[in-house]
Structures are given as structure tokens and as C-alpha cells.
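A.B. asks: Going by our numbering, the first residue of the sequence shown is number 1023, and it counts up by one from there.
A portion of the hints provided could be inaccurate.
[What the hints assert, rightly or not] Calculated lysine to any residue pairs in the SDA-like style (CA-CA distance at most 20 Å, straight line):
1. LYS1074 with LEU1057
2. LYS1038 with ALA1060
3. LYS1040 with LYS1052
4. LYS1052 with LYS1074
5. LYS1038 with ARG1050
6. LYS1040 with ALA1061
7. LYS1038 with PHE1058
8. LYS1038 with MET1023
9. LYS1074 with GLU1055
10. LYS1038 with ARG1048
11. LYS1038 with VAL1027
12. LYS1038 with THR1025
13. LYS1052 with ASP1080
14. LYS1052 with ALA1076
15. LYS1052 with ALA1083
16. LYS1040 with ILE1075
17. LYS1052 with GLY1088
18. LYS1040 with PHE1056
19. LYS1040 with LEU1057
20. LYS1040 with PHE1030
21. LYS1040 with MET1023
22. LYS1052 with ARG1028
23. LYS1092 with ALA1061
24. LYS1052 with THR1029
25. LYS1038 with GLY1062
[Unchecked claim] If you anchor each label on the Cβ, the simulated ranges turn out as follows:
26. THR1029 with ILE1075: 35 to 45 Å
27. LYS1074 with LEU1031: 28 to 38 Å
28. ALA1076 with PHE1056: 27 to 37 Å
29. LEU1031 with LYS1092: 50 to 60 Å
30. ARG1050 with ALA1076: 37 to 47 Å
31. HIS1078 with VAL1036: 43 to 53 Å
32. ALA1082 with ALA1060: 33 to 43 Å
33. GLY1088 with PHE1034: 53 to 63 Å
34. LEU1031 with ALA1083: 50 to 60 Å
35. ASP1080 with THR1046: 45 to 55 Å
36. GLY1054 with GLU1033: 14 to 24 Å
Source of the hints: derived by calculation from the structure; they are not laboratory data. As the structure is a prediction and not an experimental result, all values here were calculated from the model. Yeah, the Cβ is synthetic: ideal placement off N, Cα and C, and Gly gets one too.
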Amino acid sequence: MTTNVRTFLREFPVFKAKARQGGTVRIRDKEGEFLFSAAGARNTLLGAARGKIAFHGDIAAPTLKGDSWKPSL
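Generate coordinates for the entire structure from the input sequences, incorporating the hints supplied.
C.D. replies: What follows is the structure in C-alpha cells.
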């Protein structure tokens, strides 16, 4: 589907629904063409962080010695 910027902004909910259904919207502008499509959402925090966080060692054990921890308020 192809549209211009003005129509895209006016009817954004319609185009967003089309993108959620797997469609791609082409938006024409003076300078070129832009594509609008939906990206797959991750459902859980673990799923969103998978591959980005690495755990080294035991995370249940304290990381600082008792005398190293001095909180300040």
C-alpha cells in the first residue's frame, strides 16, 4: 500500500493495523520513500534480553565482601 505523509498521519491507526497484520506501507515524500512495517514484539523480559545479558559465576552469592559495602544516604 502506498500513501503520502499527510494521509499516513491522519489515518495512522488504519496503517498501524495493516502493519500488524503483516503488511508494509510505503510513504511517499518529496525526498524519497519510507517503509512502515511492524516489528515482532517480545512477550517477556527474559525473551527481550536473551543474547544480550551474560551471567558469570554464581549470581546468588554476594559480590562484595562485608567490609566493602558501605551504603551512604
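A.B. asks: A separate judgement is required for each hint: does it hold in the structure or not?
C.D. replies: Hint check:
Restraint check for LYS1074 and LEU1057: not satisfied, since their Cα atoms lie roughly 27 Å apart, outside the 20 Å limit. A hinted pair counts as satisfied when its Cα atoms are at most 20 Å apart, and LYS1038 with ALA1060 qualifies at roughly 8 Å. In summary, the hint linking LYS1040 to LYS1052 is not supported, as the alpha carbons are separated by about 24 Å, beyond the 20 Å threshold. Using a Cα cut-off of 20 Å, the hinted pair LYS1052 and LYS1074 is violated, with the two alpha carbons roughly 39 Å apart.
Under the criterion of a C-alpha separation no larger than 20 Å, the hint pairing LYS1038 with ARG1050 is consistent with the structure, at around 16 Å. Of the supplied pair hints, the one linking LYS1040 and ALA1061 holds, its CA atoms being roughly 12 Å apart against a limit of 20 Å. This hinted pair checks out: LYS1038 and PHE1058 have alpha carbons roughly 8 Å apart, not beyond 20 Å. As the CA atoms of LYS1038 and MET1023 are separated by approximately 12 Å, the hinted pair is consistent with the 20 Å bound.
With a CA separation close to 33 Å, the supplied pair LYS1074 and GLU1055 exceeds the 20 Å bound. The suggested pairing of LYS1038 with ARG1048 holds, with an alpha-carbon distance near 12 Å, which does not exceed 20 Å. In summary, the hint linking LYS1038 to VAL1027 is supported, as the alpha carbons are separated by about 14 Å, within the 20 Å threshold. The hinted pair formed by LYS1038 and THR1025 meets the criterion: a straight-line CA distance of about 13 Å does not exceed 20 Å.
Restraint check: the Cα-Cα separation between LYS1052 and ASP1080 comes to about 56 Å, which exceeds 20 Å; the hinted pair is violated. Annotation: proposed proximity of LYS1052 to ALA1076 is violated, straight-line Cα distance about 45 Å (limit 20 Å). Annotation: proposed proximity of LYS1052 to ALA1083 is violated, straight-line Cα distance about 59 Å (limit 20 Å). The straight-line distance between the Cα atoms of LYS1040 and ILE1075 is roughly 34 Å, outside the 20 Å bound, and the hint therefore fails.
For the given pair, LYS1052 sits about 64 Å from GLY1088 by alpha-carbon distance, which is inconsistent with the 20 Å threshold. Note on LYS1040 and PHE1056: the hinted pairing holds, with a Cα-Cα distance of about 16 Å set against a maximum of 20 Å. Between the alpha carbons of LYS1040 and LEU1057 the distance comes to roughly 13 Å, so the proposed pair stays at or under 20 Å and holds. Taking the CA atoms of LYS1040 and PHE1030, the gap is near 12 Å; set against the 20 Å cutoff, the hint holds.
Among the hinted pairs, LYS1040 with MET1023 is consistent with the structure: their alpha-carbon atoms are about 9 Å apart, no more than 20 Å. Taken as a hint, the LYS1052 and ARG1028 pair is honoured in the structure, with Cα atoms around 12 Å apart against an allowance of 20 Å. Proximity of LYS1092 to ALA1061 is assessed by CA-CA distance (about 44 Å); at most 20 Å being required, the pair is judged violated. With a CA separation close to 14 Å, the supplied pair LYS1052 and THR1029 stays within the 20 Å bound.
Taking the CA atoms of LYS1038 and GLY1062, the gap is about 13 Å. The hint holds against a cut of 20 Å. Take THR1029 and ILE1075: their Cβ atoms lie about 42 Å apart, and the range 35 to 45 Å holds. For LYS1074 and LEU1031, the hinted distance range of 28 to 38 Å is satisfied, since their beta carbons lie about 33 Å from each other. The given range of 27 to 37 Å is respected by ALA1076 and PHE1056, whose C-beta atoms sit roughly 36 Å from each other.
Our hint of 50 to 60 Å for LEU1031 and LYS1092 holds, since their Cβ atoms are close to 54 Å apart. Taken as a hint, the range 37 to 47 Å holds for the pair ARG1050 and ALA1076, whose Cβ atoms sit roughly 44 Å apart. Evaluation of the 43 to 53 Å hint for HIS1078 and VAL1036 yields a pass: the beta carbon distance comes to about 48 Å. As the Cβ distance of ALA1082 to ALA1060 is approximately 39 Å, the hint placing it in 33 to 43 Å holds.
Taken as a hint, the range 53 to 63 Å holds for the pair GLY1088 and PHE1034, whose Cβ atoms sit roughly 56 Å apart. Distance hint check: the CB atoms of LEU1031 and ALA1083 are about 54 Å apart, consistent with the given range 50 to 60 Å. Against the hinted window of 45 to 55 Å, the Cβ-Cβ separation of ASP1080 and THR1046 comes to about 47 Å, which satisfies the hint. Under the hint 14 to 24 Å, the C-beta atoms of GLY1054 and GLU1033, about 21 Å apart, fit the expected range.
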